[in-house]
Amino acid sequence: MPKCTNGTVGFGKVGRRVVQAAFDGGDICSEGGAPLLRLVDERIGLTRAAARVFADSRRAASVRHDMRSLLAQRVYGLCCGWEDVSDHNSLRRDLALQTALGSDQELASAPTLSRLETSATTAHATALHAVLLEQFIASHKAPPDELVLDIDATHMPLYGQQEGAHFHAHYDNYCYLPLYVFCGQDVLACVLRPSWRDPASVFSALIKRIKDTLRQAWPRVRLVVRADSGFCRPRALRRFDAWGIDYVIGLQKNATLEWFSALPSLALAEQYQAGGAKQRLIGEFQYASRNWERERRVIARLEHGEQGANPRFVVTSLGGDASELYERLYCARGEAENRIKEAQLDLFGRRASCRRFASNQLRLLLAALAYTLMINLRRLALKGTELERACAATIRVKLLKIGAAVLRNTRRVRLLLASQHPLKHVFLTAARALAP
1 MPKCTNGTVG
11 FGKVGRRVVQ
21 AAFDGGDICS
31 EGGAPLLRLV
41 DERIGLTRAA
51 ARVFADSRRA
61 ASVRHDMRSL
71 LAQRVYGLCC
81 GWEDVSDHNS
91 LRRDLALQTA
101 LGSDQELASA
111 PTLSRLETSA
121 TTAHATALHA
131 VLLEQFIASH
141 KAPPDELVLD
151 IDATHMPLYG
161 QQEGAHFHAH
171 YDNYCYLPLY
181 VFCGQDVLAC
191 VLRPSWRDPA
201 SVFSALIKRI
211 KDTLRQAWPR
221 VRLVVRADSG
231 FCRPRALRRF
241 DAWGIDYVIG
251 LQKNATLEWF
261 SALPSLALAE
271 QYQAGGAKQR
281 LIGEFQYASR
291 NWERERRVIA
301 RLEHGEQGAN
311 PRFVVTSLGG
321 DASELYERLY
331 CARGEAENRI
341 KEAQLDLFGR
351 RASCRRFASN
361 QLRLLLAALA
371 YTLMINLRRL
381 ALKGTELERA
391 CAATIRVKLL
401 KIGAAVLRNT
411 RRVRLLLASQ
421 HPLKHVFLTA
431 ARALAP
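Note that full-length UniProt numbering gives residue 300 to position 300 of the sequence shown, counting from 1, and the numbers run on in steps of one.
Mixed in with the good hints, there may be bad ones.
[To be verified] Computed list of lysine-lysine pairs in DSS-like fashion (alpha-carbon distance at most 30 Å, straight line):
id: 1; residue 1: LYS208; residue 2: LYS278
id: 2; residue 1: LYS383; residue 2: LYS424
id: 3; residue 1: LYS253; residue 2: LYS278
id: 4; residue 1: LYS383; residue 2: LYS253
id: 5; residue 1: LYS13; residue 2: LYS341
id: 6; residue 1: LYS208; residue 2: LYS13
id: 7; residue 1: LYS424; residue 2: LYS398
id: 8; residue 1: LYS401; residue 2: LYS13
id: 9; residue 1: LYS383; residue 2: LYS401
id: 10; residue 1: LYS141; residue 2: LYS208
id: 11; residue 1: LYS141; residue 2: LYS13
id: 12; residue 1: LYS401; residue 2: LYS424
id: 13; residue 1: LYS341; residue 2: LYS398
id: 14; residue 1: LYS398; residue 2: LYS383
id: 15; residue 1: LYS141; residue 2: LYS253
id: 16; residue 1: LYS341; residue 2: LYS383
id: 17; residue 1: LYS401; residue 2: LYS341
Don't read these hints as lab results, they were simulated from the structure.
None of these values were measured; they are calculated from a predicted model.
Construct the entire structure; sequences and hints are all you get.
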């Protein structure tokens, strides 16, 4: 097989000059912004906290790379856009990544990182979830009065012989269905589940664990659970009432709910026929299904337009104006879907290519740690800049993927960054904000 990476390639001419390229530039890297990740990590202590709870079963005398270095290497790689473990066979020699990890030696190889993933257990997942909650609590300088917990599930496609793989008719492929819990931009949990399970499985148990941790830190905090109709289960509602947790959860429409809203729906249809403009109305009533132990408040949002009636129902324990609750609180849950896309797509939370289920859960959590690192970079260093509201992929392209020549000697390491980088003022602002 020819060595295609060696030799010179031509790109024609520019004027009288011949344009050629070859991979012989030496210590030039594309991750010139990676040391910013180290500054954020040291500020919040993310990978050190993860390493403390990740049990290391290796023989101590044979260990070359400690657990913190392995976890940080994997997380930093995800932040910089390197989703595959095999990428680290080359990245281990990248001087910018070595510098970001505080090392002057070659980093761990792909087999070493693979052994880390295959050693994952359920206990590791539980401990790393605790780290995510600790990071969230530490990010608040003062106890919050209220926290809204967004619950949503997504699918993770599978293309191999992974443990727990199951064909899901809705998604038309074999997949897992991970369950995410967000509070604002922070991820509090990401639990991997087989797709044959009820989408609402482990829902209330997960909320209880989060509730216990948050109220241990902030005893008076008010918790509100927000989710779509796929999570409306009688047992969950009963538990939330008993635990003092408020909720605003979608309710699947049925004949009884449509009967309650029949008259206003007919009125909206007549108004649409008369004026031709979409009609909308938000109201409320008390309702209890057969397996509810009592009536609860249900908010109905009725619409009639070109495609006919489009009713939506929400069950809630909250008081206040129905329109405010629906439009300002419930509809805002769509922002959690954007956060899931950021964690799943920008930071490669869908790479479930390990055979073992526990190993794929670890990969999901590593992506969550990378997401936590990136949002803290945005929160701590980019406030007031043009990247203040940028997603993780944009921050990576504009702030981390900077071409640099690396000079390293016995006295210093110098990163010679691209002189014409358009956002060098943002980079300098971020570095100064994160300086020890």
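The hints, checked one at a time:
The hinted pair formed by LYS208 and LYS278 fails the criterion: a straight-line CA distance of about 41 Å is larger than 30 Å. A hinted pair counts as satisfied when its Cα atoms are at most 30 Å apart, and LYS383 with LYS424 qualifies at roughly 15 Å. Our distance criterion of 30 Å between C-alpha atoms is met by LYS253 and LYS278, whose separation comes to about 21 Å. With a CA separation close to 43 Å, the supplied pair LYS383 and LYS253 exceeds the 30 Å bound.
Of the supplied pair hints, the one linking LYS13 and LYS341 is violated, its CA atoms being roughly 43 Å apart against a limit of 30 Å. Restraint check for LYS208 and LYS13: the C-alpha separation of about 66 Å exceeds 30 Å, so the hint is violated. For the suggested pair LYS424 and LYS398, the alpha carbons sit about 9 Å apart, so the restraint of at most 30 Å is met. Pair hint LYS401 plus LYS13 holds up; C-alpha atoms about 28 Å apart against a cutoff of 30 Å.
Between the alpha carbons of LYS383 and LYS401 the distance comes to roughly 20 Å, so the proposed pair stays at or under 30 Å and holds. Distance check on the hinted pair: LYS141 and LYS208 sit about 24 Å apart at the alpha-carbon level, within 30 Å; holds. Between LYS141 and LYS13 the alpha-carbon distance is near 59 Å, which puts this suggested pair outside the 30 Å criterion. Using a Cα cut-off of 30 Å, the hinted pair LYS401 and LYS424 holds, with the two alpha carbons roughly 12 Å apart.
Taking the CA atoms of LYS341 and LYS398, the gap is near 19 Å; set against the 30 Å cutoff, the hint holds. At roughly 15 Å between alpha-carbon atoms, LYS398 and LYS383 fall within 30 Å of each other, so this suggested pair holds. With a C-alpha separation of about 42 Å, the suggested pair LYS141 and LYS253 falls outside the 30 Å cut-off, and the hint is violated. For the given pair, LYS341 sits about 22 Å from LYS383 by alpha-carbon distance, which is consistent with the 30 Å threshold.
A hinted pair counts as satisfied when its Cα atoms are at most 30 Å apart, and LYS401 with LYS341 qualifies at roughly 21 Å.
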